[in-house]
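Listed below, chain by chain, are the residues.
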Amino acid sequence: DSGVTQTPKHLITATGQRVTLRCSPRSGDLSVYWYQQSLDQGLQFLIQYYNGEERAKGNILERFSAQQFPDLHSELNLSSLELGDSALYFCASSVVQGPKDTQYFGPGTRLTVL
Amino acid sequence: AQSVTQLGSHVSVSEGALVLLRCNYSSSVPPYLFWYVQYPNQGLQLLLKYTSAATLVKGINGFEAEFKKSETSFHLTKPSAHMSDAAEYFCAVSLVYGNKLVFGAGTILRVKS
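Going line by line, the protein sequences match chains A and B. With the working numbering applied, the first sequence covers 1 to 114. With the working numbering applied, the second sequence covers 1001 to 1113.
Certain hints may be false.
To be verified - A few chain B residues facing chain A, derived, Cβ under 7 Å:
| hint | residue |
| --- | --- |
| 1 | P1040 |
| 2 | G1043 |
| 3 | T1107 |
Stated by the list, open to error - Here are the simulated DSS-like cross-link-like pairs (lysine-lysine), alpha carbons at most 30 Å apart as the crow flies:
| hint | chain 1 | residue 1 | chain 2 | residue 2 |
| --- | --- | --- | --- | --- |
| 4 | A | K100 | B | K1069 |
| 5 | A | K57 | A | K9 |
| 6 | A | K100 | A | K57 |
| 7 | A | K9 | A | K100 |
| 8 | B | K1058 | B | K1069 |
| 9 | B | K1112 | A | K100 |
| 10 | B | K1058 | A | K100 |
| 11 | A | K57 | B | K1069 |
| 12 | B | K1058 | B | K1112 |
| 13 | B | K1068 | B | K1058 |
Source of the hints: derived by calculation from the structure; they are not laboratory data. Don't be surprised by glycine CBs; every beta carbon is placed ideally from N, CA and C.
Please work from the sequences and hints to get the whole structure.
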């Protein structure tokens, strides 16, 4: 158990819908990262927040957005869902945000878009 | 751009045999390198990381990896495979001036009895 929690574990929805994925980082971790894992794209970095502020953006679609709240939990919002958005979405956290810092991964949310 | 190449999407070894999972990186500056393991239906767990201290890094579950700058490699090894090692293994590089991890495509390790 990494200490990072993600809810829900599974999500099944239809195309065009909007969903919110939630992540609680390890106690004391200020940095939260979101990754997408799919069969065709592999593990891809989406976005990072540090202490409530966006710090880095990766291959995140404009239909996707995220935020980190004052209690440091984070939410990833996915809208106008398409079949290709079906994937495993991971949240990771680290103490600060240096390149040496270990990122601890949550168990993931499996999103299925029908 | 930083990238990671894992040679062999599937590796099969017998129980008790040497495990060797290959990882090469491209980097114009010294990178920070990580190996993660993913068991079925689970998240990623850190096995070990290289952060410019000792070039031979020991991790959990008997795994180790050696950073070889001349070969731009960071191969993962374990002297004797166990059935419980069957999983998918990911090599990742961290950008020196950024925070994201760039992952390789992963190698699925199968351990035969």
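Run the structure past the numbered hints and jot down the numbers of the failing ones, going up.
-> Result: hints 1, 3, 9 break, sorted rising.
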